[in-house]
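Required output: the full structure, derived from the provided sequences and hints.
Chains as they are written, first to last, in my numbering: chain D, 141 to 431; chain H, 141 to 431.
Everything labelled a hint here was simulated from the structure, so no lab data went into it.
Keep in mind it's a predicted model, so treat the numbers as computed, not measured.
Please note: incorrect hints may appear among the correct ones.
Pairs involving identical chains hold if they fit within one copy or between any two copies, as the list cannot separate such chains.
Unchecked claim - Straight-line alpha carbon distances no greater than 20 Å define the calculated DMTMM-like cross-link-like pairs of lysine to aspartate or glutamate that follow:
id : residue 1 : residue 2
1  : 164       : 416
2  : 160       : 386
3  : 269       : 328
4  : 269       : 416
There are 2 protein chains.
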Amino acid sequence: MSEEKRESLVKIACCQIEPKVGLKEQNVKKTLDYIRKAVDEEANLILLPELSNTGYVFNTRQEAYELAEKIPEGDTAQTWVEYAEKHGVYIAAGIAERDGDNLYNSSILVGPEGFIGNYRKLHLWNREKLFFEPGDLGLPVYNTPIGRLGMYICYDMWFPEMTRIYALQGVDLILNVTNWVASEKPSEDSRLTETVCVSNAYMNAIFIAAADRIGVERMQPFLGRSMIVSPSGEVLGGPASYDSEEIIYAKCNLSEARLRKRKTRLNHVILDRRTDVYDALLGYGEIPFNW
Amino acid sequence: MSEEKRESLVKIACCQIEPKVGLKEQNVKKTLDYIRKAVDEEANLILLPELSNTGYVFNTRQEAYELAEKIPEGDTAQTWVEYAEKHGVYIAAGIAERDGDNLYNSSILVGPEGFIGNYRKLHLWNREKLFFEPGDLGLPVYNTPIGRLGMYICYDMWFPEMTRIYALQGVDLILNVTNWVASEKPSEDSRLTETVCVSNAYMNAIFIAAADRIGVERMQPFLGRSMIVSPSGEVLGGPASYDSEEIIYAKCNLSEARLRKRKTRLNHVILDRRTDVYDALLGYGEIPFNW
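Here's what the structure looks like:
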């Protein structure tokens with residue numbers, strides 16, 4: 141591909157780290173260390189995992205509550221905002237958010253222009269439901285100089301509606317900040333999360349970058365294998381290891397997400413949809429089945 | 141698993157064959173040969189590929205028109221109906237359908253009780269649009285003694301709405317009669333169709349059985365690699381080869397599609413959906429983006 145054709149070239153870095161639950165100061169310092177390494181490699185869009193400042197496995201709501209911060213006023217968000225402004229890069233990261241008495245499993249997007257926005261996880265996994273409120277900000281789309289960006293967190297990816305809605309809204313790249321949990325000891329064979337990630341990117345002709353964590357926290361193992369997938373379902377970066385802290389990179393022309401929507405002269409990922417058929421059937425109330 | 145727990149045990153056979161375009165009599169004979177082999181192995185639900193009676197790559201609409209038949213009155217459908225009735229098995233197969241002057245890329249489901257129903261491909265791939273009408277029967281669901289069955293054909297699977305709608309309607313098993321086309325020479329590395337198949341089954345906790353064809357027809361290669369996937373994303377049968385006629389089998393307890401919808405005490409594939417968020421966003425007219 142010639143340079144001229146790279147309409148929207150970004151270098152994405154997914155920082156696969158191991159936060160330690162409760163050790164917020166140490167975790168935020170680690171995120172900065174990894175962000176710096178990625179910027180040294182000329183990345184300009186850097187992802188960190190879900191709940192990267194607090195760790196994931198809370199014992200009580202009280203514990204989560206005490207660690208959570210306001211967005212963007214809190215120390216963690218401000219640390220990332222300052223770095224992004226100073227170095228002219230974009231950062232997406234998972235963060236425990238407190239808004240009044242409500243707690244959210246959130247992600248934040250910051251850039252050269254400062255705080256851009258945040259997303260609150262819509263689909264809570266397992267014991268997250270004991271501590272967090274379900275997200276109430278919908279699916280925000282951020283139209284930035286590097287492309288149209290959306291975010292989701294971990295279990296969100298298992299809901300095909302999520303990727304589809306972002307694709308319908310013209311999102312080029314989904315920033316997936318995640319803590320993929322393993323039901324058993326992770327290994328090289330733990331490939332189902334990759335399968336879902338690649339499939340969603342391919343079905344929707346959209347980029348997905350996923351920064352996962354590793355390690356075992358309070359008995360809960362995580363899967364690692366961070367990855368960056370193209371709109372053709374090609375794995376451009378990663379998959380990372382399942383057990384080591386590391387950074388994976390990919391240079392992406394985000395315009396490909398728009399160019400790849402057309403599959404043949406006669407086929408288009410979005411225009412081929414049979415909304416005449418779906419519309420009556422996808423609403424929940426319409427379904428003639430008792431769950 | 142004890143026999144008592146096998147609430148709805150079926151033995152599925154996916155017959156991966158190579159139809160020859162235009163040679164309908166020979167093709168139908170081949171489908172019967174393969175159905176017989178599968179029944180000898182005690183399969184009671186047998187799948188055949190897309191357009192298994194006519195072949196796929198038509199040169200003209202006239203050619204497709206002359207090969208297409210009424211459903212269920214035509215010879216091909218009647219042949220399958222008679223076999224299914226006589227042997228007490230279910231058969232799903234792709235067939236070129238003519239209804240008045242309309243042509244459809246259809247699939248048919250027949251069983252011990254005779255003709256059960258047909259499905260007309262909703263999403264036409266490439267030059268199919270030159271010959272066939274888009275499907276107009278929606279997504280029919282067949283509640284049979286062996287479980288709740290739906291059908292889709294090939295490119296349909298790339299539309300996540302398809303699998304989702306079937307799951308929402310309580311379908312246990314999607315019968316995927318397909319002719320997965322290869323954009324280049326197929327090989328062991330051609331895995332993206334498998335990725336999409338496994339991911340759709342896993343995201344929706346539903347069985348998917350896919351009978352694909354092989355061979356090269358008028359320059360168009362096909363991918364083979366027929367497979368049967370569980371609601372947990374496990375490949376129970378196949379993937380078959382990419383270049384040989386063969387039958388793959390899997391014994392499935394279709395009740396697993398209902399049991400696996402609950403992932404944890406706090407999570408359920410269907411009940412976790414955030415329809416409050418999706419509803420305003422999934423309709424086509426609502427999307428603020430120009431394709």
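Okay, the hints, checked on the actual structure:
no.	hint	verdict
1	164 to 416	neither (50 Å within a copy, 34 Å between copies)
2	160 to 386	within (16 Å within a copy, 52 Å between copies)
3	269 to 328	neither (30 Å within a copy, 42 Å between copies)
4	269 to 416	between (36 Å within a copy, 17 Å between copies)
Against the hints set out earlier in the document, violations occur for numbers 1, 3.
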